[in-house]
Structures are given as structure tokens and as C-alpha cells.
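Asker: Construct the entire structure; sequences and hints are all you get.
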Amino acid sequence: MLELLQYGFMQRALMAGIIIGILCPLIGIFLVLRRMSLIGDSLSHVALSGVAAGIVSGVYPLAMALVFSVLAALGIEQLRKKYEEYAELAIAIILSAGIGIAVVLISYAKSINVDLFGYLFGNILTVRSSDMRLITGLGILIIMFVKLLYKELFYIAFDEEGARIAGIPVKRINLFFIVIIAMTITLSMRIVGVLLVSSLMVIPVAASLQVAKSFKQAALLSVVIAELSVVSGIIISYYMELASGGTIVLLSVIILLLVIGFKGVMQKT
Amino acid sequence: MKKLVSVKDVCFGYENELVLKNVNLDIYEGDYLGIVGPNGSGKSTLIKIMLNILKPSKGSIEMFGKNIDDFRDWGKIGYVRQKATSFNTGFPATVEEIVAANLFSRIGIFKPITRSHREMVYKALEIVEMEKFNRKLIGNLSGGQQQKVFIARALVNSPEILFLDEPTVGIDLDSQREFYGLMEKLNKEMHITIVMVSHDIGVITEKVNRFACMGDSRLICHTNNSHLEITDILKEVYGDKMNLLIHRH
Numbered sequence: 001m002l003e004l005l006q007y008g009f010m011q012r013a014l015m016a017g018i019i020i021g022i023l024c025p026l027i028g029i030f031l032v033l034r035r036m037s038l039i040g041d042s043l044s045h046v047a048l049s050g051v052a053a054g055i056v057s058g059v060y061p062l063a064m065a066l067v068f069s070v071l072a073a074l075g076i077e078q079l080r081k082k083y084e085e086y087a088e089l090a091i092a093i094i095l096s097a098g099i100g101i102a103v104v105l106i107s108y109a110k111s112i113n114v115d116l117f118g119y120l121f122g123n124i125l126t127v128r129s130s131d132m133r134l135i136t137g138l139g140i141l142i143i144m145f146v147k148l149l150y151k152e153l154f155y156i157a158f159d160e161e162g163a164r165i166a167g168i169p170v171k172r173i174n175l176f177f178i179v180i181i182a183m184t185i186t187l188s189m190r191i192v193g194v195l196l197v198s199s200l201m202v203i204p205v206a207a208s209l210q211v212a213k214s215f216k217q218a219a220l221l222s223v224v225i226a227e228l229s230v231v232s233g234i235i236i237s238y239y240m241e242l243a244s245g246g247t248i249v250l251l252s253v254i255i256l257l258l259v260i261g262f263k264g265v266m267q268k269t
Numbered sequence: 001m002k003k004l005v006s007v008k009d010v011c012f013g014y015e016n017e018l019v020l021k022n023v024n025l026d027i028y029e030g031d032y033l034g035i036v037g038p039n040g041s042g043k044s045t046l047i048k049i050m051l052n053i054l055k056p057s058k059g060s061i062e063m064f065g066k067n068i069d070d071f072r073d074w075g076k077i078g079y080v081r082q083k084a085t086s087f088n089t090g091f092p093a094t095v096e097e098i099v100a101a102n103l104f105s106r107i108g109i110f111k112p113i114t115r116s117h118r119e120m121v122y123k124a125l126e127i128v129e130m131e132k133f134n135r136k137l138i139g140n141l142s143g144g145q146q147q148k149v150f151i152a153r154a155l156v157n158s159p160e161i162l163f164l165d166e167p168t169v170g171i172d173l174d175s176q177r178e179f180y181g182l183m184e185k186l187n188k189e190m191h192i193t194i195v196m197v198s199h200d201i202g203v204i205t206e207k208v209n210r211f212a213c214m215g216d217s218r219l220i221c222h223t224n225n226s227h228l229e230i231t232d233i234l235k236e237v238y239g240d241k242m243n244l245l246i247h248r249h
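Sequence order for the protein chains is A and B.
Sequential numbering from 1 applies to the first sequence in this note's numbering.
Sequential numbering from 1 applies to the second sequence in this note's numbering.
Because the hints were derived from the structure by calculation, they are not lab data.
Incorrect hints may appear among the rest.
[Claimed, not checked] Using 30 Å as the maximum straight-line C-alpha spacing, the simulated DSBU-like pairs for lysine-lysine come out as follows:
hint: 1; chain 1: B; residue 1: K111; chain 2: B; residue 2: K132
hint: 2; chain 1: A; residue 1: K171; chain 2: B; residue 2: K8
hint: 3; chain 1: A; residue 1: K147; chain 2: B; residue 2: K136
Answerer: Dropping the structure here:
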């Protein structure tokens, strides 16, 4: 087991995994409770188009993905104002645009030899030192900000109108939050993959909601479940040569099913 | 008496439909003001404009002598919104967490909750007799208990004025009786000014000390509570078939 840690790529993958295991559910709990789960899918598809643009232009793909997803996040906020009655339309429009740009750029860049599969489904072998620096630096910054804004994000998630009347700067916090979602998605792509990143934001939260007795407990429990899935997922995917993203997400689904089953048994007894 | 809120010549509309026409209303310290009127008469819209949730197309609001856009002292105001109890019941929050939320603006961004804040939460829960439920999940309480928690949330900052929009909708008769008892205690013993929008005309006319009636997007009357006068006004708004029954809650 310890032999794993002798490899530089495994050290990087585990370190990055531990950070995104905190980040994804911490952001995800606010998304789920605000019924905004789909925003993760939308922004991850835009992040993919950023990766493709990075590959085509020769710019560091993760940085390009970060720029694309943050711009898309701001675009969603603008479109939500235009379609106040159909807020989910903003998410659908950005998702479609993201896929469109990604497909066009990928087909344009088909002659370039890149590990696109790794970006789509996650690959622990591809976490480079530069990725590691970005994930650690920005990841810790995001975790700190969420911790500091935790109580305001909680109030907005529970009752946005009440929070506004209580004097909380809801608009500014919402804008800040959506940018943070975009950053989290970009940082998580290397480990979980674009197509599965939103699952890591949602499934551990879904499991924690089954048993949590307070909001704080729900947040902590979802982080524990995500960490369990990420760390064991990375180890299993190494030994069995599987895509890390799929393994991590499947493990979190298994934990969710176990929690639902456990709760059912407890309620019967 | 100190004027707390002043609504001056306010108009509000959605596209071609005017919801409020030149509404003027003053609310004074110690008032227990009941606002009634048929569905769509603009009662809730008026409260939302007073609280700066909606912007009037014409006119202005003054809160504690300041224009509402310059008003920052939101701790002086408590608000229990319409259908407060129709929130996501699966939300994993305890009673204590919900009530503490209204202190966040006072605590400030980036600062944690301290023991003195927890004591304020406990006191607010004591007023509504819900202190024993502080660790319970909000979704596991009855409609009446949830309503009390939302009132505690509105009271946690020790507000000077409390706005309630249709607060008794969806709660049983016993809880309604308790609710009106609590409002009387807040107004008479704790000297909190109360502004309540309600469809329950019978109870409102019995309980409040000032009365406002909305109809046809206008404020038809704003008067001290006098049953004879009110009955005539309500007949004008709701029609001759209306028969006012005073409940003795």
C-alpha cells in the first residue's frame, strides 16, 4: 500500500484528490439545497471547451478552462436576469454553447496528440506539477472563502429574500459564489473528469442529507463521504487500471445506496 | 409619537397593470396595524415595497426618517414573509441555525458566531416558547411550530417593528390562537410595532389598534380601530353581502 506513495504522480493525485474531496461537496451542498445542481454540468462542459481552446492555442489548458468557466458563470448570472421566469434556461443555453465550442475545437485539433479521455473521465497519471500548484493554491483559497462566508451562504440557500432583508449583500455573494463554482469544476477536472465532476458535487451531499441532524453535520458528512470515495477511488483505479473519475463516482454511489439502506433498516427497527 | 415608516404617494405596476395607486400611509411607534383587502388588492406588494424588496414606480418610502435606499439599520426590522412555512422541508437545518441566520448581518461577513449570539438566539426562542426545540430539524416541526421559529428569527435582533405577511395561512386554529396571543404580548409588553397583512378580517378588526383597508389598488382607509366605521368600509370594499363576524380568539 505504502509503495503507492513512492510515485510522484500518486502523491500528486492523492494530494489533489484530498483537496477536491473537500471542495466539491462543500460547494455542492449549497448547489443542491438551492436546486442548482445542473449548473455544475453546464460549467464543466464549458471548461471542456476551455481545455480544447488551450490545446489549439498552445496555452496551459487548465488555465484556459478556468477562464472559460468563470466567463460562463458570469454569463449564466446575466442570462438568469434576462429569463427570470425560466432561470434554468440560462443553464441550458450555456451548456449547449459549451458543448458546441468544445466539439468544434476538438475536431479542429484532432491531429494534436492529447489525452482528451483523461480530461473527460479523469486520469491520475496526468496530474502534473503545474496542475498540482494550481489545485493546491486556488483550492485552499476557495475552502477558506467558503468557510468565512459559510453562514451567509447558508442563509441565502435557505431563504434568499429573508437574507436580503436581513441586510446580507445577496447579489455580491451570489456572483462570488458562481465564480467559485466555476473554479472548483476546473480544479476537479484532472481527477474526476469533466463529465463526472458535478456527480462529486451532488452524490456525497445526497448521502449526507439522508442522515444529517443539522446543516453543519450535513456539510461535514458530505466531505467525509467525498474523501472516502476520492481516496479509495484513486487507489482502486491505480491497481485496477481504471479511469479515476468513474471509480470515484461509482464508489460515492455505493456509499449513497448503503446510507439509504442503513436508514431504511434503522427506521424499521 | 415617533413615525417609523412613511409611505408617500407610492405607485407600483406590472407592465400595463397598476397594482398600487398613490398610496400614502404612516406607521407610528406602538401601532398594531392590520392591513386587509381582497386578493390582488396590493397588500403584500405594499409590504414588499416598504421593505425595499420591490421598487415603486413612483413615490418614496422613509424608514426611521431615512429614505429606504439609504436605510442600513435592518436589525430594527423583523419580517415574516407570506408562506414562510412552505420552505424546502428537507433542508437540513436546526431551529437554532435558522434563528441565528438573522444575526449574520449584525455579526458581519467573515466573523464567527459567538456565545453571546447563541444567547440571543435562546432568548428569541424563549419568547415564542420554542427553546426546547433548538436542536430539532426545522422540517420535523408542525406548521404552527415552524411559524413560531420564523417569528423567533424575526425577533432575534430585538426589532422595533415587525412586518408579517399573511402569517396565519396554513396553520391550525390552536396555533392561530397562540399566534395572536403572542402578537399582543409583543405589542403591549415588549412595545414592538406590528404591521400585519391578513385575510382574516374578523380577527384583525378584533386585535389591532390601527386598521388599513386596500381595494381597487388604493388604500381605501387608514384609521384607528372602530368596529362601526370598519364595518361600513369593509362593505364598500367587499360588497354588501359581507357580514363581519368578530372572533374571540
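Asker: Does each hint fit the structure? Answer for all of them.
Answerer: Consistency of the hints with the structure:
Only pairs whose Cα atoms come within 30 Å are accepted, and K111 of chain B paired with K132 of chain B is accepted, the gap being roughly 27 Å. Distance hint between K171 of chain A and K8 of chain B is fulfilled; the C-alpha atoms sit about 28 Å from each other, no more than 30 Å. Between K147 of chain A and K136 of chain B the CA atoms are separated by roughly 24 Å; this keeps the pair inside 30 Å, and the hint holds.
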